[in-house]
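Student: Below, each chain spelled out in residue letters.
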Amino acid sequence: MTNTHWNHVAHLDQLLPDLGGCVLVNDHQIALFHLAGKVFALDNYDPFSCANVISRGLTGDLNGRLVVASPVYKQHFDLESGQCLEDENIRLNVYPVSVIDDQVYVCSTVLATEVA
Amino acid sequence: MAEKQSLVVVGNGMVGHRLIENLVEAGGLNQFDITVFGEEPQAAYDRVHLSEYFTGSSVDDLSLVSEGFYDKTGLNLILGDQVTAIDADQKTVQSESGLTVAYDRLVLATGSYPFVPPVTGHDRENTFVYRTLDDLDAIRATAAGCKTGTVVGGGLLGLEAAKALKDLGLQTHVVEFAPRLMAVQVDDDGGALLRRKIEELGVQIHTSKNTRQIVDGDNAFHQMQFADGESLDTDLILFSAGIRPRDNLARESGLEVGERGGIVINDDCRTSRKDIFAIGECALWEGKIFGLVAPGYQMAKVVAGQLTGSSESRFKGADMSTKLKLMGVDVASIGDAHGATKGAISYRFSDEEQQSYKKLVVSANKKKLLGAVLVGDASDYGNLLQMTLNSIRPPKNPAELILPASSGQTEGQGIAALPETAQICSCFDVTKGDLSSAISAGCQDIASLKSETKAGTGCGGCSALVKQVLDHQLTELGVEVKKDLCEHFAHSRQELYHLIRVEKLTTFKEVIASHGQGRGCDICKPTVGSILASCWNDFILKDDHAPLQDTNDYFLANMQKDGTYSVVPRVPGGEITPERLIVIGEIAKDFNLYTKITGGQRIDLFGARVDQLPLIWQRMVDAGMETGHAYGKSLRTVKSCVGSNWCRYGVQDSTSMAIAIEHRYRGVRSPHKFKMAVSGCTRECAEAKSKDVGVIATESGWNLYLGGNGGMKPRHADLFATGLSDDELVRYIDRFLMFYIRTADRLQRTSVWLENLEGGLEYLREVIANDSLGICAELEDEMTHLVSSYQCEWKNTLSDDEKLKRFNHFINSDQKDPAVVFVNEREQIRPARPDEKSEQKIAVQQL
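Chains as they are written, first to last, in the working numbering: chain A, 1 to 116; chain B, 117 to 963.
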């Protein structure tokens with residue numbers, strides 16, 4: 001049942017710079033963001049609004065941390081760690097990403113551990 | 117608890133009502149059952165702004181009574197009934213309708229009546245006085261059949277009345293006994309300038325005229341014959357030659373009254389009977405009647421303090437300085453305007469180019485300011501008044517105070533020199549100290565300071581001064597008012613707008629590279645995106661701009677709590693054909709969308725997934741519809757009534773105007789959303805006064821209201837201009853919107869913007885109607901560019917295959933978001949609640 005291999009999810013061209021997109025990995029929704037020369041992957045589920053919308057948030061930086069703001073109630077999440085800046089008890093899962101020849105792969109390890 | 121006493125208040129005018137407000141505030145309802153008699157059918161209204169009744173203000177607008185105020189237990193307001201007798205021994209009052217009410221305490225606030233000179237013919241038909249709403253209704257009814265109207269009396273009230281006649285479309289004359297206008301308040305030179313300015317407005321002034329009799333006219337209903345042998349034909353006569361205290365009731369019940377009228381009161385505002393008080397224009401204090409509202413308010417406060425025992429304050433007389441706008445001309449008079457004090461020295465400055473006149477009166481030793489006259493430009497009023505009242509020593513050369521070059525410097529000194537006890541707002545008795553403590557407690561902008569202290573919310577005459585106190589105090593506190601947008605930009609929105617326009621910056625990258633730092637955030641990105649759209653009007657989903665847009669702008673629809681979107685097509689003016697209505701219905705049915713009529717006369721379709729949006733738009737566009745921009749910080753709707761096409765009362769075609777305006781401003785990006793409405797008559801069915809831009813039709817053109825708001829903090833829009841033609845109306849709105857777009861803060865609605873605008877409505881009028889900044893042509897050009905570069909964002913997106921690819925929930929799958937679940941309620945969908953979702957999940961798993 002656990003699936004720890006790298007999943008091909010998108011071509012880099014499908015991720016517009018500074019914008020998000022959502023991919024499906026083993027029935028889980030993962031938000032991808034392409035900025036600062038990197039691709040970040042974290043839960044698409046927004047625990048504040050209980051909706052799958054994180055990929056539609058605006059990105060940017062706050063005090064040097066790269067963040068995405070939930071489009072519903074505007075909480076900020078650190079793209080590297082998933083940590084919510086407004087509530088220390090809330091953290092989104094983040095997933096390893098690999099880009100090879102402009103193909104984007106997401107590893108579902110974290111996700112598998114959490115589910116198991 | 118002691119039994120409550122009975123308090124009777126005779127009169128529900130401005131002062132009588134203020135007394136009740138003060139009493140309620142001081143907890144007076146625990147001590148008294150209060151009965152209030154008002155002879156007019158309406159509860160207290162704003163008599164100071166009575167003439168606005170003819171320029172669009174309704175009875176409700178003028179009302180001073182907040183909703184439900186008199187419904188409180190222990191308060192009994194009896195309207196349309198006059199108190200006819202007081203039995204001071206039995207302690208009862210009797211009313212015209214036969215009521216007898218016993219009192220423990222009685223307050224007389226009977227006000228004044230207009231003096232009508234006893235000339236022969238003064239009681240002919242078509243003669244009026246100018247005091248109540250009933251008077252105004254009668255004047256309006258008669259004026260409809262008249263060509264000319266004449267006001268007898270060239271004082272403050274007379275000129276107000278003349279404005280009213282002018283607003284009614286009459287050829288207007290003013291007849292004054294004295295050799296100049298406003299003889300009490302201004303001197304000869306000031307009176308002459310005032311006369312010139314008012315005559316320029318088409319009102320004819322006749323001074324030094326003693327009316328001997330009024331007889332049938334040759335060319336009009338009346339002929340007024342003067343002592344000098346001349347005569348004037350006029351259809352309507354309005355007497356406004358001063359006021360007299362209404363002291364009959366007091367006189368007949370044996371209270372002491374003055375030789376020339378007025379109920380004698382002491383410093384407690386008590387009459388010759390200990391349990392009877394008198395306040396306002398009916399009261400005589402140290403031989404003086406105070407014919408202004410502010411002293412009346414002070415008396416009300418004194419009496420409320422006496423009655424409730426909450427304060428021991430005494431009435432100590434009042435300053436009779438005034439500042440007002442008469443027919444658009446600023447006039448102010450302070451203290452000893454005529455230099456009557458022995459040895460007084462006066463300075464005069466007359467500017468024929470700007471048409472202003474200033475006079476300053478100082479003591480013989482030049483150490484004290486005694487008075488001043490200002491005509492045409494009264495901006496120095498607050499400063500000079502405070503210097504006079506607080507005995508602040510004028511500069512060595514006092515003339516500097518009225519000379520233009522040095523006015524800027526003296527202003528600041530004036531504020532710093534004011535003692536904490538200096539009264540800044542006389543309407544609400546707010547001192548500099550009151551303002552200072554409110555500022556220290558956190559009211560650090562004009563809007564919050566006004567709402568906390570009420571300063572500047574009465575006549576508004578002190579607004580500029582309040583702002584100066586605020587600025588001064590903030591500097592003192594060392595508060596640097598930071599207007600930085602966010603950590604990426606050390607600029608306010610206004611500054612950024614300016615930089616972007618002047619340097620012709622067209623992308624966020626350019627803007628942040630030249631004026632910011634970092635990558636940006638969810639504050640500055642949409643703000644800059646909006647400014648770029650306000651300036652250049654590029655398609656907002658162009659690759660450079662798309663990452664700046666909030667999800668609503670990005671998907672051109674409104675995100676709801678479950679991550680689905682709602683779709684609103686534009687329905688200009690709320691007018692829609694049955695065919696389009698059917699199309700909307702069919703779309704809603706086919707996509708199973710929850711359907712609701714909005715407050716702005718449109719239709720909102722909820723529950724659309726991102727992948728459904730382009731399909732929905734395509735069908736709307738095919739049926740000739742376009743985006744309604746419900747998602748943007750931009751024009752929402754222009755609400756309208758059916759107007760003169762259908763309505764029995766409509767005087768203009770409000771629907772056509774609403775559609776024209778909606779087409780003109782659709783899609784224009786601004787600091788916040790804005791709403792408009794057009795009503796076809798003063799019944800105001802489109803509720804235009806609650807909109808950012810409200811237009812109300814009158815027989816003589818459109819009245820324009822600005823800065824209204826509904827929502828969390830409702831605000832009635834301010835009347836900006838009257839009797840506008842179609843072209844004038846559009847020009848004013850163009851300028852207003854562009855000026856707002858240029859200068860407002862991020863997410864600042866026009867209501868708050870206007871409240872915070874230094875100089876307020878008057879300043880706005882200077883900029884927009886009189887082009888005082890010389891920018892009107894620019895503003896119009898900028899708006900013309902926005903109007904001509906309009907594009908339907910739905911249509912634009914539909915024609916771009918690359919952009920359409922974004923409309924999928926998943927990049928790597930065609931599946932839909934399984935978390936979007938609906939249940940049915942009243943035959944339509946709504947998002948499932950979490951408990952309902954888990955039930956469904958269980959149901960699915962069990963299958």
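No lab work stands behind these hints, which were simulated from the structure alone. In this text the structure is predicted, and so the values were computed from the model without any measurement. One or more of the hints may lead you astray.
[Unchecked claim] Going by beta-carbon spacing under 7 angstroms, a handful of chain B positions derived as facing chain A:
| hint | residue |
| --- | --- |
| 1 | D638 |
| 2 | P663 |
| 3 | A935 |
For every residue, glycine included, the Cβ atom is placed at its ideal position computed from N, Cα and C.
Student: A separate judgement is required for each hint: does it hold in the structure or not?
Tutor: A quick look at each hint next to the structure:
This hint holds: D638 (chain B) has a C-beta 4 angstroms from the nearest C-beta of chain A, less than the 7 angstroms allowed. Against a cut-off of 7 angstroms between C-beta atoms, the interface hint on P663 (chain B) holds, since the closest Cβ of chain A lies about 4 angstroms away. A hinted interface residue such as A935 (chain B) counts as satisfied when its beta carbon comes closer than 7 angstroms to some beta carbon of chain A; here the least separation is about 5 angstroms, so the hint holds.
In this structure, every one of the numbered hints holds.
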